Amino acid sequence: MASFTEKVGKSTLAHLDYVGALSIQTWATVRTLGAALPTGNRYRWKASIVQMLRVGVEAIPMVGLMAVCCGFILALQGASELRRVGAMSLTIDLVAIGFTRELGPLLTAVAVSGRSGSAFSAEIGTMMVTEEVNALRVMAFDPVEFVLAPKLVAALITVPCLTVLCNVCGIFAGGVFMFFSTHLGPGTYLHGVMTSIHLRDVISGVIKSVAFAIIIVMVGCLEGFRTHGGPEAVGRSATAGVVSSTFLVIVADAVFTAIFYFTGAH
Amino acid sequence: MAIISIRDLVVEYGGRRVLDRLSLDIEPGETMVLLGGSGAGKSTLMRQIIGLERPTSGSVLVKGVDITRCSPAELKQIRRSMGVAFQDGALFNSLSVEDNVALPLREHTSLAPSIIDLDVWIKLAAVGLAEFGKLLPQELSGGMKKRAAVARALALDPEILVFDEPSSGLDPIVAAELDELILFLKHTFQQTVIVVTHELPSAFRIADRIAMLYKGSFLAVGTKEQIRASQNPHVRQFLDRVPDNTATTRMVEAYFEKYVQSPAPALRRWRRWELVEACFEKYVQSREVKR
Chain X
0 MASFTEKVGK STLAHLDYVG ALSIQTWATV RTLGAALPTG NRYRWKASIV QMLRVGVEAI
60 PMVGLMAVCC GFILALQGAS ELRRVGAMSL TIDLVAIGFT RELGPLLTAV AVSGRSGSAF
120 SAEIGTMMVT EEVNALRVMA FDPVEFVLAP KLVAALITVP CLTVLCNVCG IFAGGVFMFF
180 STHLGPGTYL HGVMTSIHLR DVISGVIKSV AFAIIIVMVG CLEGFRTHGG PEAVGRSATA
240 GVVSSTFLVI VADAVFTAIF YFTGAH
Chain P
0 MAIISIRDLV VEYGGRRVLD RLSLDIEPGE TMVLLGGSGA GKSTLMRQII GLERPTSGSV
60 LVKGVDITRC SPAELKQIRR SMGVAFQDGA LFNSLSVEDN VALPLREHTS LAPSIIDLDV
120 WIKLAAVGLA EFGKLLPQEL SGGMKKRAAV ARALALDPEI LVFDEPSSGL DPIVAAELDE
180 LILFLKHTFQ QTVIVVTHEL PSAFRIADRI AMLYKGSFLA VGTKEQIRAS QNPHVRQFLD
240 RVPDNTATTR MVEAYFEKYV QSPAPALRRW RRWELVEACF EKYVQSREVK R
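If you read the protein sequences in the order shown, they are chains X and P. The first sequence lines up with residues 0 to 265 when you count with numbering that gives the first Met the number 0. The second sequence lines up with residues 0 to 290 when you count with numbering that gives the first Met the number 0.
Think of the hints as simulated: they come from the structure by calculation, not from any bench. Computed from a predicted structure; not experimentally measured. Each residue gets a CB set at the ideal place from its N, CA and C atoms; glycine is no exception. Among these hints, one or two may not hold up.
[Said to hold, decoys possible] Think about it this way: if two alpha-carbon atoms lie no more than 25 Å apart in a straight line, the pair counts; the simulated BS3-like pairs of lysine-lysine are: (1) 62(P) / 257(P); (2) 185(P) / 223(P); (3) 45(X) / 133(P); (4) 62(P) / 75(P); (5) 75(P) / 185(P); (6) 75(P) / 45(X).
[Stated by the list, open to error] Here are some chain X residues pointing at chain P (derived, C-beta under 7 Å): (7) 2; (8) 133; (9) 134; (10) 137; (11) 138.
[What the hints assert, rightly or not] Sample of chain X residues facing chain P (criterion: CB under 8 Å; computed from the structure): (12) 44; (13) 45; (14) 139.
Excised from the complex, chain P in its bound form (with noise of 0.2 Å):
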């Protein structure tokens, strides 16, 4: 039975719709790669399953509870079962990365201070920050913060663990640890893990299934391979970075050559017109040479 199950899920903001009747079943222990481009809505989804939002309509099962509708109690229940690492952390700045992990464990549950501080240390042991645990969180590099986010949202031994955009903002090599810290967390722990993100080579290097979205709705649910042999379209211009006809030269030229070949007459009076004519011409003499 599946860990998490989506179904018909609408979330509209204001008259638009951000997701569109969405659908999809995450089997325990599986790792499901959320990927998607600016906009398409995959952090919106995201906040959806961790029951950070009401949907408009359609209901998210975790566990066989419908976290949309549940009540305040069931959701705190189901929450302890989660661990989410945000973005940029979201670690706690006045404490130390060893009481934001701590933070859990001491108020939801009984163990003694001892025990916690133990496995305050082992969580900071998987993910490498051992020796770091008395530091406050901005001292910390930007690789390191997402690091110790991931052992405070490993705090509590969930079952399903969350990663928001874990590659984002961090040097190749940073994002391949990272990656490569989700694949042991997931080997040692066991952990059905979603991961949102739209790096690409991080996605294939950690997914067991893909979900592509696009402009709020599925194009293609699968694994690695299926994804990849893929013949939609959208999923092929994700895959081999096509820009989109909004930004290429060609439109782009086509405004340049508009404005400055029939400017409007505030435009001309504008006194540094010449300036920008003489940038165009720079611009038509250079292309000419590129023919």
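Isolated chain X (complex conformation) (with noise of 0.2 Å):
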């Protein structure tokens, strides 16, 4: 029975640690957001440039491919469904809605974790195991500010952007099954989609996104400062760095649609 507690106790003691972790290391990151900035330090401001080219631009492809199959997999499901009760029409509020409010962030947010949060666990991991972290700390630079700031950065700024991308391809995607399967003219599923959302239902994807790629930058970059021990140790950081990151964004996800559901904001 001691033993038993005994774990209880320990595993209670290592979460509190990591949620302690966390919230030290977005403290300092805060403080030194402004560094990486235009206005801030310039090297910063073009380590944030490389950022956003390796988080967002190079994620435009595999973002568009996959919310098209996700549009398209969704109109098809809906589609199938809502045909028996004659309902057919809403197809395009389903995919319209379920994109703009939901699969938008998620998507974009589940493959930016995929693509860098590992990336960054895997970097910064890397720079704990060579002593470059040391390195830099007695080079009198601040690792938070010199590794983490510009990544944060960056996310911040192309994790929406991805998502708007994400949610245009989706309806894109949906509006081409319509076609084909209802003869649906374009102009008249722009017109349908128009009227199903409201400026609101973007409005709270995009905050569900900036909240996403918070999570996933921190997460990423602790779970590499958190790196000890030799070269193995980098790649378990870099699988709990996507692992972590994305079950936190999904139930920061759930969190948020509670909120918003109940605030009456849909």
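Got two chains here, each in a separate frame; can you build the complex from them with the hints?
Have a look at this one:
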């Protein structure tokens, strides 16, 4: 019995430690975020641009294709059920609202966490193992400002943009499906989309995507900074980075959706 | 006045004492070698001196500032007067060798780019890497990486230069080159040099004074001659390369015999057990032949 309570206590402490480290890191990043903006240190801003290319621009094909496939899947599955109750036109609403509120931010977050979350963990993990982080500190650089802040700036800018792109691609795929299945003209489809979504749907999606961006960068980088040991530890932290950030993104999504639902934003 | 003075430094990791009330003064311009075996605490002590970790108690004064208690801004200021060459170089892999050396100059000084280029060239030339500036760290050999790390440590013309295991993982010729480089830099730039090492030839080549660490405390601190003449059994053991008892052949034999003569039932059922026994018989025969 003692060993059981001991285990519970230990894992509780470990989780509290994780949450504490996450908050300390977030605060440290907020304090140094200014340096990574165009008005701050120009070397950090350059690093931010490089990160934007890696996190954002290089992810465009993948996010676009994923959105097209998911838009197609959603329209297909929705249409096959809705056809039976004779409400085929509701497919437009399903795709349009489904993407702007939910699928757009979530799909983008999953794609970015898979592509970049693991890359953040692996990059920082390698820097920890090869003592580059220590070298930064003894050269009077703040590792958080040097490594983390540009990544956060990049993610805060690119993830909402990718989300909007994801929405557009998903809705486009839904339109293609509607055209081929019911010969619905593009103009009519677009009109249907515009009447079904409101501005606040789009805004709630973008707010979510900002939160997801913060989660992905913070968790990915924290896993990197917690790397101890040899090269195999880098692999472990890369995996942990993706797993925890994807998990937390979905938990956060549930929380945000509940908040938006109960505050009547929908 | 000492440039670095360590007072009653205690470091504990999870209740285990790694450094035990260390006190040491390092004078400006001298080369202090921290010598000790694996696990003696010399790397921990170095991390304390460069301010990477905070001690459990005690203080480390660098140029009169207690770096264990000072503000982050003061620590930054102190760190500008320190150059550290890490064990495996710790060069930034995404930057070329030149950019690695230029990084602290670009960000911590307001020098013009042309001056920075010149300064980088001088530092690279001082370590013999002037032609290799455009290469990436992964394109360099082990010895070159360490020299590039030295060039980066020199970038801001620090008053204190710290080397972590400069000759580990290098062949004797390259290791000797690195020793000569340290001596050359010391004569040219008149810096205080701290070297962490377990290599005896290297330590005795470059040191003005040697501090010998054993299980977290200083066994002896003194000049090369004083250390050589020391009668402390642990210092003698280290200098004369006498193995510890844990690894002597007699210990291994005793272990072996105990298991072969009275193996656990599970071991007897192990299908390779005959092999072990045959091996042991051969070993006993060979020992008798030797006698």
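- request: Answer holds if the nearest beta-carbon of chain P is closer than 7 Å to that of residue 137(X); otherwise answer violated.
  value: 5 Å, holds
task: Under 8 Å, Cβ to Cβ, is where residue 45(X) needs to be relative to chain P, so tell me if that hint holds or is violated.
output: 11 Å, violated
- prompt: Taking the closest Cβ pair, is residue 133(X) under 7 Å from chain P?
  reply: With a closest approach of 6 Å, the residue 133(X) hint holds.
message: What's the verdict on residue 45(X) and residue 133(P), does the C-alpha distance respect the 25 Å limit or exceed it?
response: 20 Å, holds
task: Assess, step by step, whether the Cα of residue 62(P) is no farther than 25 Å from the Cα of residue 75(P), and give holds or violated.
output: With Cα atoms ~13 Å apart, residue 62(P) and residue 75(P) stay inside 25 Å; holds.
message: Against the 25 Å threshold, does the CA-CA distance of residue 185(P) and residue 223(P) hold or violate the hint?
response: Holds, at about 17 Å.
Per-residue hint verdict: residue 138(X), partner chain P, C-beta under 7 Å: This interface hint holds because 5 Å falls under the 7 Å limit.
query: Do the numbers back the hint for residue 134(X), that is, is its least Cβ distance to chain P under 7 Å?
result: 4 Å, holds
task: Classify the hint on residue 139(X) as holds or violated, based on whether any CB of chain P lies nearer than 8 Å to its CB.
output: With a closest approach of 4 Å, the residue 139(X) hint holds.
message: Given residue 2(X) as an interface hint, is its Cβ closer than 7 Å to any Cβ of chain P?
response: 20 Å, violated
Residue 44(X) as an interface hint toward chain P, with CB separation required under 8 Å: 13 Å, violated
task: Take a quick look at whether residue 62(P) and residue 257(P) sit within 25 Å of each other, Cα to Cα.
output: 58 Å, violated
Of the hints listed earlier, those the structure fails to meet are numbers 1, 7, 12, 13, in rising order.
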